[in-house]
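Residue numbering for the sequence shown is 1 to 115, as defined by the numbering used here.
These aren't lab readings, by the way, just hints derived from the structure by calculation. Worth double-checking, as some hints may not be accurate.
Claimed, not checked - Each pair of labels, with its calculated beta carbon distance range:
#1 66 with 26: 20 to 26 Å
#2 14 with 66: 15 to 21 Å
#3 41 with 9: 17 to 23 Å
#4 10 with 36: 29 to 35 Å
#5 30 with 7: 36 to 42 Å
#6 65 with 22: 35 to 41 Å
#7 67 with 44: 33 to 39 Å
#8 45 with 14: 17 to 23 Å
#9 71 with 43: 31 to 37 Å
#10 78 with 11: 17 to 23 Å
#11 14 with 83: 23 to 29 Å
#12 12 with 81: 36 to 42 Å
#13 34 with 68: 44 to 50 Å
Just so it is clear, the structure is predicted and the values come from calculations on it, not from any experiment. C-beta atoms are modelled at their ideal positions from N, C-alpha and C, and glycine is treated no differently.
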Amino acid sequence: MTTNIKDYSTTQSSNTSLNGISVAEGMLPSNLNNAIRALMKNTRDWFNDAQWVEYGDGSGAYTAAYASGTSFTINGADVTSIYHAGRRIKLIATTPGTILVQYLVLHFLQIQQLI
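The whole structure should be built from the sequences, with the hints applied where relevant.
What follows is the structure, given as structure tokens:
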């Protein structure tokens, strides 16, 4: 079930549910208003935290691995066009906590690909 923008599929036909509301072909007309309201809610939730967007490989499920002090890898995905030079990123580690990478540091961040 998609409950947030990060859960939406980039394949249009896969987006058949919105916060538990069926938006599949032939949906009930009464679902339209509720689906629009749910979409507005999800858009506002995203707007409130839009500085940090979870990309990964596009599915929302991925593992980023530490490679060095200036690089990380995402196994099985080429996301170099998304994580381009100059993009701010937020890394969250299990320990010690949240690590913020500032813009000046990001110029030296290398994106590596393991496919």
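Each hint, compared with the structure:
1. 66 with 26: 20 to 26 Å: With Cβ atoms ~48 Å apart, the hint is violated.
2. 14 with 66: 15 to 21 Å: This hint is violated: roughly 32 Å between Cβ atoms.
3. 41 with 9: 17 to 23 Å: holds (19 Å)
4. 10 with 36: 29 to 35 Å: Violated, at about 21 Å.
5. 30 with 7: 36 to 42 Å: violated (23 Å)
6. 65 with 22: 35 to 41 Å: holds (38 Å)
7. 67 with 44: 33 to 39 Å: holds (36 Å)
8. 45 with 14: 17 to 23 Å: holds (21 Å)
9. 71 with 43: 31 to 37 Å: holds (33 Å)
10. 78 with 11: 17 to 23 Å: holds (18 Å)
11. 14 with 83: 23 to 29 Å: Hint holds: Cβ distance 24 Å, inside 23 to 29 Å.
12. 12 with 81: 36 to 42 Å: violated (21 Å)
13. 34 with 68: 44 to 50 Å: Holds, since residue 34 and residue 68 (Cβ atoms, about 48 Å apart) stay within the stated range.
Hints 1, 2, 4, 5, 12 from the list above are not met by this structure, while the remaining hints are.
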